[in-house]
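Make the full structure from the sequences, and use the hints.
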Amino acid sequence: WKCLWRCPGSRLALMRQLLLPQLPARALRLTPPTMAEPFAALASSPPFAAALASSPPFAAPTDWFVYGHLHLILSLPTLTLLWLSPPLQSCSRLYKQAAYAFIGFIVIVGVVQSYVWDAYGASLGIWEFNPAKCTLRDSLPLPIEEVLWLFHHVTKTALYQLKAFELVPANTDAGAPSPLLRSSVSAVLVAAIVFGVYALGWCPDDSVKCVGLVCAFFAPVWLLVWRVGGQFVLRHADRITWGWFAPGITTTLIDCLGQQQGVWRFPSDFLSGIGYGYLKLDIALVYMVSTFAVTASGAVVLAAAEELLARRAALRGAGVPVTGEASGFGLNLGRYGEEASLSDVGRYIASGKLSLGSEGDAF
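Numbering of the sequence shown is given in our numbering, commencing with residue 407 and proceeding in unit increments.
These are computed hints drawn from the structure, not numbers from a lab. Do not take every clue at face value.
[Unchecked claim] So the derived label-pair ranges between C-beta atoms look like this: (1) A580 x D675: 43 to 53 Å; (2) P492 x I680: 36 to 46 Å; (3) A580 x S674: 41 to 51 Å; (4) S529 x Y506: 27 to 37 Å; (5) N577 x P463: 47 to 57 Å; (6) S749 x A580: 24 to 34 Å.
[Stated by the list, open to error] In silico lysine-lysine, DSS-like type, Cα no more than 27 Å apart, as pairs: (7) K502 x K569; (8) K759 x K502; (9) K759 x K569.
These numbers come from a predicted model, not from an experiment. We put the beta carbon where it would ideally sit given N, CA and C, even for glycine.
Here you go:
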């Protein structure tokens, strides 16, 4: 049939010449469609057209393993933790309110900020997604699974930080950082911001783009958290560390699996070249730094609520009336017998101090 259809002089060939201008291309295809057909329209539309046209095909050991499987694997330890030992089961009303406020805030603000830098990194070509293993839309610069990943990662990290505050005790012998330490860390973060902006905007070397992206988008977050809540860092450093390492390391390992299965990849042109196999230093920084931004934000809120409740109780135990007359302690603690509110926690954080009045930092 195909030979007669294309054979010059045959009746079918004459019919083909007559019908060719009138039939759509799909109607003339006599061969079965390929798996790549659903992505043909996507490949010809921005912002993926240039990237897919110039990039080599993805190397994947299997066809069935897709982005959704990574979500499933990443959710297993989180669901196990929620089932065996859910957080916030035995805490005060104020602490629970502070935890919920943190989760709500970080899911909104954290996801929006992460979406911006993730989409920008994809537009630069720092990471590429396999269209055969993701759900891509012309209206979105990222696969739908990647957008859901942002929500998943932020929520999981917040949950781990809540659990770390329950399981790991605070170092109550430590006080607030010294002015020298606070200014030194601030200077380092400002330098990281400058480097990130230079790497993305002016540096001709593409190998620093990934690190520059991390510095430009997350050093400002670290700086804000450090300037606003740095007074809590030393006392709660162990909690921050556990709440950071647990989700950061697991997410980095999941990323290695995603690379191995061909779900996404990172062109070497934008990386420093430091790493081992699928474990790349630049990409590990992406996950660890973004995870710490969520962890540190939550640590400030949770630590402030815990410190405020403990110090209020100590003042009452010492016979100090918790009234408006206690403003000399640096905070309006409310009338006697009243519970503290989220606004009290906010004022306590904004004060930039660890102690209430002269009761001492090493409470």
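Quick rundown of the hints versus the structure:
{"no.": "1", "hint": "A580 x D675: 43 to 53 Å", "verdict": "44 Å, holds"}
{"no.": "2", "hint": "P492 x I680: 36 to 46 Å", "verdict": "39 Å, holds"}
{"no.": "3", "hint": "A580 x S674: 41 to 51 Å", "verdict": "43 Å, holds"}
{"no.": "4", "hint": "S529 x Y506: 27 to 37 Å", "verdict": "35 Å, holds"}
{"no.": "5", "hint": "N577 x P463: 47 to 57 Å", "verdict": "52 Å, holds"}
{"no.": "6", "hint": "S749 x A580: 24 to 34 Å", "verdict": "27 Å, holds"}
{"no.": "7", "hint": "K502 x K569", "verdict": "13 Å, holds"}
{"no.": "8", "hint": "K759 x K502", "verdict": "22 Å, holds"}
{"no.": "9", "hint": "K759 x K569", "verdict": "25 Å, holds"}
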